[in-house]
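Q: Letter by letter, the chains look like this.
Protein chains: 2
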Amino acid sequence: MAVIVQKYGGTSVADLEKIRAIARRVSRTREDGNDMVVVLSAMAGETDRLVQLANSASGGEPDRREYDVLVSSGEQISVSLLAIMLNKMGHRAVSLLGYQVRILTDEAHSNAKILDVETGLISGELKRGGIVVVAGFQGVDGKGNITTLGRGGSDTTAVAIAACLKADFCEIFTDVDGVYTTDPNLYDKARKLKRISYDEMLSLAGAGAKVLQHRSVELAKTYGVPVYVRSSFSEDSGTLVTKEDEEMERGVISGVAYDRDQAKVTVVHVPDKPGIAGRLFTPLSDHNIVVDMIIQNASSEGYTDLTFTVSRKDIGEARRLLDPVAKDMGASRIEYDENISKVSIVGVGMKSQSGVASKMFETLANEGINILMISTSEIKISCVIGAKYTELAVMALHDAFGLEQEP
Amino acid sequence: MAVIVQKYGGTSVADLEKIRAIARRVSRTREDGNDMVVVLSAMAGETDRLVQLANSASGGEPDRREYDVLVSSGEQISVSLLAIMLNKMGHRAVSLLGYQVRILTDEAHSNAKILDVETGLISGELKRGGIVVVAGFQGVDGKGNITTLGRGGSDTTAVAIAACLKADFCEIFTDVDGVYTTDPNLYDKARKLKRISYDEMLSLAGAGAKVLQHRSVELAKTYGVPVYVRSSFSEDSGTLVTKEDEEMERGVISGVAYDRDQAKVTVVHVPDKPGIAGRLFTPLSDHNIVVDMIIQNASSEGYTDLTFTVSRKDIGEARRLLDPVAKDMGASRIEYDENISKVSIVGVGMKSQSGVASKMFETLANEGINILMISTSEIKISCVIGAKYTELAVMALHDAFGLEQEP
Numbered sequence: 003m004a005v006i007v008q009k010y011g012g013t014s015v016a017d018l019e020k021i022r023a024i025a026r027r028v029s030r031t032r033e034d035g036n037d038m039v040v041v042l043s044a045m046a047g048e049t050d051r052l053v054q055l056a057n058s059a060s061g062g063e064p065d066r067r068e069y070d071v072l073v074s075s076g077e078q079i080s081v082s083l084l085a086i087m088l089n090k091m092g093h094r095a096v097s098l099l100g101y102q103v104r105i106l107t108d109e110a111h112s113n114a115k116i117l118d119v120e121t122g123l124i125s126g127e128l129k130r131g132g133i134v135v136v137a138g139f140q141g142v143d144g145k146g147n148i149t150t151l152g153r154g155g156s157d158t159t160a161v162a163i164a165a166c167l168k169a170d171f172c173e174i175f176t177d178v179d180g181v182y183t184t185d186p187n188l189y190d191k192a193r194k195l196k197r198i199s200y201d202e203m204l205s206l207a208g209a210g211a212k213v214l215q216h217r218s219v220e221l222a223k224t225y226g227v228p229v230y231v232r233s234s235f236s237e238d239s240g241t242l243v244t245k246e247d248e249e250m251e252r253g254v255i256s257g258v259a260y261d262r263d264q265a266k267v268t269v270v271h272v273p274d275k276p277g278i279a280g281r282l283f284t285p286l287s288d289h290n291i292v293v294d295m296i297i298q299n300a301s302s303e304g305y306t307d308l309t310f311t312v313s314r315k316d317i318g319e320a321r322r323l324l325d326p327v328a329k330d331m332g333a334s335r336i337e338y339d340e341n342i343s344k345v346s347i348v349g350v351g352m353k354s355q356s357g358v359a360s361k362m363f364e365t366l367a368n369e370g371i372n373i374l375m376i377s378t379s380e381i382k383i384s385c386v387i388g389a390k391y392t393e394l395a396v397m398a399l400h401d402a403f404g405l406e407q408e409p
Numbered sequence: 003m004a005v006i007v008q009k010y011g012g013t014s015v016a017d018l019e020k021i022r023a024i025a026r027r028v029s030r031t032r033e034d035g036n037d038m039v040v041v042l043s044a045m046a047g048e049t050d051r052l053v054q055l056a057n058s059a060s061g062g063e064p065d066r067r068e069y070d071v072l073v074s075s076g077e078q079i080s081v082s083l084l085a086i087m088l089n090k091m092g093h094r095a096v097s098l099l100g101y102q103v104r105i106l107t108d109e110a111h112s113n114a115k116i117l118d119v120e121t122g123l124i125s126g127e128l129k130r131g132g133i134v135v136v137a138g139f140q141g142v143d144g145k146g147n148i149t150t151l152g153r154g155g156s157d158t159t160a161v162a163i164a165a166c167l168k169a170d171f172c173e174i175f176t177d178v179d180g181v182y183t184t185d186p187n188l189y190d191k192a193r194k195l196k197r198i199s200y201d202e203m204l205s206l207a208g209a210g211a212k213v214l215q216h217r218s219v220e221l222a223k224t225y226g227v228p229v230y231v232r233s234s235f236s237e238d239s240g241t242l243v244t245k246e247d248e249e250m251e252r253g254v255i256s257g258v259a260y261d262r263d264q265a266k267v268t269v270v271h272v273p274d275k276p277g278i279a280g281r282l283f284t285p286l287s288d289h290n291i292v293v294d295m296i297i298q299n300a301s302s303e304g305y306t307d308l309t310f311t312v313s314r315k316d317i318g319e320a321r322r323l324l325d326p327v328a329k330d331m332g333a334s335r336i337e338y339d340e341n342i343s344k345v346s347i348v349g350v351g352m353k354s355q356s357g358v359a360s361k362m363f364e365t366l367a368n369e370g371i372n373i374l375m376i377s378t379s380e381i382k383i384s385c386v387i388g389a390k391y392t393e394l395a396v397m398a399l400h401d402a403f404g405l406e407q408e409p
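Those sequence lines, one after another, are chains A and B.
Okay, so the first sequence: first residue is 3 according to the working numbering, each after it adds one.
Okay, so the second sequence: first residue is 3 according to the working numbering, each after it adds one.
Put simply, identical chains are the same to the list, so a pair is met inside one copy or across any two.
Straight-line Cα separation of at most 20 Å, EDC-like style, residue types lysine to aspartate or glutamate; simulated pairs:
1. K145 x E127
2. K145 x E120
3. K90 x E319
4. K90 x E63
5. K275 x D330
Read the hints as simulated data drawn from the structure, not as lab findings.
So that you can see chain A by itself, here it is in the shape it has in the complex (with noise of 0.2 Å):
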């Protein structure tokens, strides 16, 4: 007799097969007296169908607004199937897109963030005994234009709605049947964890981890929304993400996530005056691309180099925006290299342990691995590598660390 918020991803609405595995779960949730809100995203394969129609009809760079009414139609398809199937089992079930839950968003296109989540239509329909399937990754803005929350932002949506409508939890049901050590694609050393703090979970989430994404983490910590990882396609419990307390598995650290969507900029041998920094990152950030490790060297005589990486989808903005402003800044040149990828340790357990970094370090330099940059924070230590070692790195620190047994 709970209020629940599930969400299951596009591999788990992949066909009508699966969707219909969906319905069952879903109706047998609803049967046991809870009350439920399904939050899906597209079809797999769909969304990638329609990006690629965009970038086609535009030759790349689709204006942003028609690019977001165009992806938007994928939840439109999966949420539409689901409440036909659940209606056909005998279930009250409504689907609403984005608009019409009303998830009002920011206008930032294609990479929008909520603002709010109004609940009256689908509390409405919880108290009417319907099951509410929302579609996940849109929104609307403020002048009533689809917007779009980026890749994963169906999470997002999910936990949004959870904490809006003060769910008791929210499940998000993936192809993968909880939170790991490390991506048990890339080493079957992979251990599953039980438990896992927000805190954690959103290093995780930040240093490329593919199973949540970070928004979604900050909401759920934000409201305090219990939020499992589950798997679509077994009964396992999954891994519950939550506030950090006695019970969590005490290890020096968690996991080892990788990110290879990076890409370094480097403005070389530029005056080192005030504001250099700010000339370069606004523009940045008036693009909605988000700068992640910034390295400045000491000043040299005057001069310095500036190093940071951006996601290597704005790397083609990112020249485009940079090139004049270094030029005009004085820098010799401008740098860019996409053959990177980010190796970062998460846990809670640095906080009180030392010599964690010193043994990262030392276990990438053991297998020959040039670090690039690097950059830490209270829970998290992060090395940026050539892309060809992510394998080796991860699982090298994957073992120093002894992450495959249960602390």
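Given chain A's structure and the hints, the job is docking chain B onto it.
A: Structure of chain B alone, referenced to chain A:
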């Protein structure tokens, strides 16, 4: 320097290359200084794919609200793609879905009727020099549910917008280059008409001619919107549908239409009491099933037979509704025949000419075709015949009335 509404059907937006051709045509018309609203159908095949998904998901008879959510995603793709291309070409172009324009309809899902079109958003965009690309076929009811207008509904969307915007004219681009004396795919002697009156066009559409949706012609007539039927793939000026005037061609009949999408229902030997027609037809109209031709035999010994036609797609639901009613009324049985078609001749000329009907019956008789039902209006005569005689009947009538030659 006019306000023009252009509508392109599914085959005209079947792939990116075809949409690109439309973008070029729209761009040209815009650069000539015209204000442009473009209404699009879904890419050819897309709606069929979605309908098939709905049927597979439900095993037939999908929930009607959700069916509309599903199929309306088709136009969302075509309008955003065209808007992306127009933006790329340097135009300001904005796509609007049914609920965004606010095309208000009644609640009859998958067969909704447009009640009003709000023009504020469209007019505003036109004033800013924008090209507005509107999703055809869809609207929104008073409660915010997505509705669709039924097959061919995009024509109606276009004419409704043209009417409410007081556009100078509406161009319906399709895969034929105008209105013909009969279906040129069926008979190669069909001749293209330069002009045709609203009333004749209405009769042709009602008689099964697929070129324009009936409701769109009604609207055009009511609001006096001049409609050009043109080909997307040529520069031919097409056929103008307009008020009857002196310049119209003056043949006895203007065209021969046929409708294979009919089914015949006969309620046999029912006690002839007042109210039997109402008891039969009220449940049908309650379920938005349109009854076309109706014949009631002269009463014999207090009993009568009642025969009528409905659209073939509605026959399943009609059967479900009528079987219990017929039994309840004391009819001896009820027969359903899907193996029929309707052939019609249409023309304002027949108002002032006698012998047209008898010429039609004679022509069919000469070909050995048995007439099962007859109905007549001021400018149309329709005969229901065995489905297999459709082609033969159309050709014979086209020849008999000399339609191949300009009058």
